[in-house]
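J.: These are the residues of each chain, in order.
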Amino acid sequence: MNGVHDMGGMQGFGPVQPEANEPVFHAPWEGRVLALRRAAGAWRKWNIDFGRHTIETLPPADYLRMSYYEKWFASTIKLIVGAGLVTKEEVETGRPAAGSKRETPPLTPDKVMPILKAGGPTLRETNAKPRFADGAPVRARDINPAGHTRLPRYVRGRMGTIECHHGAHVFPDTNSKFEGEKPQYLYTVRFEARELWGEGANPRDTVHLDLWEEYLDPA
Amino acid sequence: MSHDHDDHGHDHDHGASDMALRVKALETLLIEKGLVDPAALDAIVEAYETQIGPRNGARVVARAWTDPDYKARLMSDATAAIAEMGFSGAQGEHMVVVENTPDTHNLVVCTLCSCYPWPVLGLPPVWYKSSAFRSRAVIDPRGVLRDFGLALPDEVAVRVWDSTAEIRYLVLPERPSGTENMNAEQLAGLVTRDSMVGTARVTA
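Going down the list, the sequences are from chains A and B.
Per the numbering used here, residue 1 is the first one in the first sequence, and the count goes up by one each step.
Per the numbering used here, residue 1001 is the first one in the second sequence, and the count goes up by one each step.
Check before you lean on any hint, since a few could be wrong.
A short list of chain A residues far from chain B (calculated; beta carbon distances all over 10 Å) [stated by the list, open to error]:
1) 44
2) 62
3) 76
4) 136
5) 144
6) 156
7) 174
8) 177
9) 208
Each computed DSS-like pair below joins lysine-lysine, with the alpha-carbon atoms no more than 25 Å apart [unchecked claim]:
10) B/1033 x A/88
11) A/101 x B/1033
12) A/78 x A/177
Quick caveat, the hints were computed from the structure, so don't treat them as lab data.
Beta carbons: idealized from backbone N, C-alpha and C, even for Gly.
Let's have the full structure, built from the sequences with the hints guiding it.
T.: Rendered as structure tokens:
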């Protein structure tokens, strides 16, 4: 999706403003949003790619205005309502619907550290051979899917070089639609800054992206 | 409800207290429905406030500086080498370490969202998630570094790593001169979060 989230190469957002001695959370509610999202995720009603797409499909003006945890909060409501864990009315009133069943939370305190330590690896076994060898020239495909993709606009149609592959990984474009993991080789592709940004770029500089096989053509 | 955090800007203050109320209302609803366990929520917050943060990454870097065998393992299989130190999991399932040298400076970004190596660096700072950083790091990395007070000579190549998949990147900064007599623990104290994202150098 050619959304506002695909920011690489945009201009006009001003300088980066680091904050000295930044706290982990700027207010307690931010930590609660992080925790609510993870705890609700333990119901396994969605995957990380669908979760990301839920943030990308926030209205563009909201996306730019909201803080990170505001976006997470808004998207968490979309996720839990969409998954049928709660109803819109329950979110609006803040109360469980009359007669609704009381569930048992899948994420108990003892499981928190084991789950955080395990994470969700995306590497999958494959019998396929990688299509591209290290050092091979490739061109990123010029595609414009309306759904979730991890091929940023700023490299589409541009030439790069395969640095290495990382084995076969879950493909976000299909996984985000619950159409299967479709694991395929994931490559680190090196692009010269001049190929992406023109002659003004430093000839020594490069930008490296991790791109799935389906995003690439031989060049 | 009271809120004792320190925000700048009145509009922001207003928005923040509104968010506190809305988040509390949602949390209460999910607890009442039995969808989440409040003690599990506490445990998640506590983990990221006290256990999962940039001191983990600093220990990895300091060990790489002092233990050549460890550094070799770190550069060839970062996920396993970092797990040796006890750090693994969510948003660090597949790790790669990129090394700064006198000729090459590495900078990590996620232009599409805010992917960041949580097990070694904790949760990302606000600037890492900002539109300014995400947009400019790939097109004007040297300008971004200047925003951090780091002016790189033209002769030093800049490698930007855009975290578009589930590979997470940790920068191995250069060990500063004058630290030859320091042990790993002392060195870890010098290693900043920003130096492991690539927006700073480590100084003694």
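J.: Indicate, hint by hint, whether the structure satisfies it.
T.: Taking the hints in turn, this is what the structure says about them:
no.: 1; hint: 44; verdict: 13 Å, holds
no.: 2; hint: 62; verdict: 13 Å, holds
no.: 3; hint: 76; verdict: 8 Å, violated
no.: 4; hint: 136; verdict: 18 Å, holds
no.: 5; hint: 144; verdict: 15 Å, holds
no.: 6; hint: 156; verdict: 12 Å, holds
no.: 7; hint: 174; verdict: 14 Å, holds
no.: 8; hint: 177; verdict: 17 Å, holds
no.: 9; hint: 208; verdict: 5 Å, violated
no.: 10; hint: B/1033 x A/88; verdict: 14 Å, holds
no.: 11; hint: A/101 x B/1033; verdict: 7 Å, holds
no.: 12; hint: A/78 x A/177; verdict: 15 Å, holds
Of the numbered hints given earlier, the model fails hints 3, 9; all others are met.
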